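Chains Z and C, in that order, give the protein sequences. Counting with numbering that gives the first Met the number 0, you get residues 0 to 336 for the letters of the first sequence. Counting with numbering that gives the first Met the number 0, you get residues 0 to 336 for the letters of the second sequence.
What the hints contain is simulated information worked out from the structure, not anything from laboratory work. Among these hints, one or two may not hold up.
Note: identical chains are not told apart, hence a pair may lie in one copy or across any two.
Claimed, not checked - Quick list of in silico lysine-lysine cross-link-like pairs, DSSO-like style, CA-CA up to 27 Å:
#  : residue 1 : residue 2
1  : Lys273    : Lys47
2  : Lys149    : Lys246
3  : Lys47     : Lys235
4  : Lys94     : Lys273
5  : Lys47     : Lys94
6  : Lys264    : Lys94
7  : Lys47     : Lys264
8  : Lys149    : Lys205
9  : Lys192    : Lys205
10 : Lys235    : Lys149
Since the model is a prediction, treat every value here as computed from it, not as a measurement.
There are 2 protein chains.
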Amino acid sequence: MRIALDAMGGDHAPEEIVHGAAQGLRYLSADDQLVLYGQADVVRAVLKSVGLNDARVVIEDCPQIVEMDESPRDVVRQKRDSSIFRMAVDAGERKVDAMISAGNTGAMAACCQLKVGPIEGCSRPGIACVLPTFHGPVIVCDVGANVAPKPHHLYEYARMTRVYGEVVLGMSDPAIGLVSIGEEAEKGNSLVKEARKLITNDPSLKFAGNLEGRDVFAGAAEICISDGFTGNVILKLTEGLAEGLFKTILGELAEEGADLSQRFKPIVDKIWRKHDFAEYGGAPLLGINSVVIICHGRSDRRAIGNAIRVAVEGVRAGINRAIAESLRATAPAGGAG
Amino acid sequence: MRIALDAMGGDHAPEEIVHGAAQGLRYLSADDQLVLYGQADVVRAVLKSVGLNDARVVIEDCPQIVEMDESPRDVVRQKRDSSIFRMAVDAGERKVDAMISAGNTGAMAACCQLKVGPIEGCSRPGIACVLPTFHGPVIVCDVGANVAPKPHHLYEYARMTRVYGEVVLGMSDPAIGLVSIGEEAEKGNSLVKEARKLITNDPSLKFAGNLEGRDVFAGAAEICISDGFTGNVILKLTEGLAEGLFKTILGELAEEGADLSQRFKPIVDKIWRKHDFAEYGGAPLLGINSVVIICHGRSDRRAIGNAIRVAVEGVRAGINRAIAESLRATAPAGGAG
Chain Z
0 MRIALDAMGG DHAPEEIVHG AAQGLRYLSA DDQLVLYGQA DVVRAVLKSV GLNDARVVIE
60 DCPQIVEMDE SPRDVVRQKR DSSIFRMAVD AGERKVDAMI SAGNTGAMAA CCQLKVGPIE
120 GCSRPGIACV LPTFHGPVIV CDVGANVAPK PHHLYEYARM TRVYGEVVLG MSDPAIGLVS
180 IGEEAEKGNS LVKEARKLIT NDPSLKFAGN LEGRDVFAGA AEICISDGFT GNVILKLTEG
240 LAEGLFKTIL GELAEEGADL SQRFKPIVDK IWRKHDFAEY GGAPLLGINS VVIICHGRSD
300 RRAIGNAIRV AVEGVRAGIN RAIAESLRAT APAGGAG
Chain C
0 MRIALDAMGG DHAPEEIVHG AAQGLRYLSA DDQLVLYGQA DVVRAVLKSV GLNDARVVIE
60 DCPQIVEMDE SPRDVVRQKR DSSIFRMAVD AGERKVDAMI SAGNTGAMAA CCQLKVGPIE
120 GCSRPGIACV LPTFHGPVIV CDVGANVAPK PHHLYEYARM TRVYGEVVLG MSDPAIGLVS
180 IGEEAEKGNS LVKEARKLIT NDPSLKFAGN LEGRDVFAGA AEICISDGFT GNVILKLTEG
240 LAEGLFKTIL GELAEEGADL SQRFKPIVDK IWRKHDFAEY GGAPLLGINS VVIICHGRSD
300 RRAIGNAIRV AVEGVRAGIN RAIAESLRAT APAGGAG
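Construct the complete structure from the given sequences, taking the supplied hints into account.
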């Protein structure tokens, strides 16, 4: 197995990425390889400073850099020697089995569409992000790959995300909810109403109904299907609110006195650890014909290490074969089997 | 001034509504009236049990009840003797100056559209909800009246919400953000891209740029403009997450020992009070030609009392006259003055 890792992508690249590579190596077998895509001299210097010296780590020299806010279209046209574009080329040619980046998400999606292509039966890829909630992990798909989906895209997300939940996260026939603004079938926008029909018509899916915003954290479903616009807002709002709330609490505690604040700190840390996105190590871009893991721009070494774990598990479990099978088994006639 | 209050709407109606009426009376002058719409015998009995006996409180008998999940269309057709429909009729005929309900939001919007009608220049009404954030109140509009808006609807929301912020909440030239999934002008869906052009073309609006989910709580803008679908998800996700997080913290503290838990409780209460939606007492349905306040279904007496305050302030400040003036002053030619 060969795993491609974008050494230049993310807010803390390349240092944290290389540290993450060091942490992630434990998930690889002796004959696997971890390929670092990036400017060879830069990557080599960081490998040295980090003290990472492992025969399974190889460098693929990519002179160009993709900025975080660069338009995907420009990357596809003008950055063909960037780490992201080159990983996609190699994934398309089956030279690597998986690719990971904490860089420009839009550019990743565009390069993958162009150079790797979709799994047969998948109309549009979607990003499936695991949110740690008080009731356990919940997968939200899509969180930003597809801001104007059609109803059948959401239906495919339901099928693909279920496979991801079962094959990689060990969920058992997870309940699937549809993000909307009311529980009733007639509420929501036309997208949700049509997608709901497709999902409920498929007896192989365990449909938990429409989910309002508050239900996402209430344990009503293990999978939340959403358009990419709303899903992205959910993801980032959750991050911002949780951070803000903890800051507020610590601020209030500081006013009450140092001892209370000190006693509370480990509890915050404990909750934070439990609900930390870094534990889940990146979100797969489901529907692309390679294992593609998109990491948060702020990923630290732990997040990258975990992303490598997720990529390895996805490849070993044959997630894309399972997704292709699920998509082949079309709803009313066959069921998912 | 006559304020209409739906005595039968909301999870805790009619008791909490009547208690709320008692609390809200302090905001009325001696010659104002508070009109309770509902089944007269039921309302009379609750007034008695609550001990509310004030000449300014009158009852308008409405035999029919609107359920929370009833379709707005059915209400408009079949519930013409319900509190919601009758309040709208009276607001349309200028018999009341404002109307308040914690009941079926969709039915409120539909009845208001039909029997009161829009402010001149307003294409579609939007619900403007105040979210208490760590950086002060933020108004999100729309949170559910319009799930498939056009770009010019969002532009009108920006103008109307600014008036509400200035006239009722005392904001001074509030910064206006547009909820999207990236800060750059070219990110987001086509709705956001088009609305952004309309807003930035209007020099009278202080545009703070696109807001990602996490920016809503970061103090980047005092007003967040959104389609009603995403806005509703934002509102309910925030509620659910904040509640869940506090529950988690209290759970962890309980494990640490009773004394820590007890010392922390007042701090939670303090934060909770500061960020309690009930303080803001309901959300105006902006763009309807009467002051219309929509309350949370879970509203308690304090929320209802505050909703009465917001309604009284809206009427006294002449919010709809100010909104009509703002909408008349069209963007490129005149500016808002």
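Do the hints match the structure? See the list:
Proximity of Lys273 and Lys47 under a CA criterion of 27 Å is satisfied in neither setting, with 33 Å inside one chain copy and 51 Å between copies. Taking identical chains as interchangeable, the C-alpha atoms of Lys149 and Lys246 are never at most 27 Å apart, the minima being 39 Å within one chain and 37 Å between chains. Taking identical chains as interchangeable, the C-alpha atoms of Lys47 and Lys235 are never at most 27 Å apart, the minima being 35 Å within one chain and 49 Å between chains. Taking the shortest Cα distances, Lys94 and Lys273 never come within 27 Å of each other, neither inside one copy (36 Å) nor across copies (56 Å).
Within a single copy, Lys47 and Lys94 get their C-alpha atoms as close as 26 Å, which meets the 27 Å cut-off; across copies the closest is 80 Å, which misses it. For the homomeric pair Lys264 and Lys94, neither the shortest alpha-carbon distance inside one copy (47 Å) nor that between copies (57 Å) is at most 27 Å. Taking the closest pair of Cα atoms, Lys47 and Lys264 never come within 27 Å of each other, the shortest separation being 36 Å inside a single copy and 51 Å across copies. For the homomeric pair Lys149 and Lys205, the shortest alpha-carbon distance inside one copy (21 Å) is at most 27 Å, but the shortest distance between copies (35 Å) is not.
Taking the shortest Cα distances, Lys192 and Lys205 sit within 27 Å of each other inside one copy (17 Å), while across copies they are farther apart (36 Å). In this assembly of identical chains, Lys235 and Lys149 lie within 27 Å of each other by CA distance both inside one copy and across copies; the values are 23 Å within and 24 Å between.
Of the hints listed earlier, those the structure fails to meet are numbers 1, 2, 3, 4, 6, 7, in rising order.
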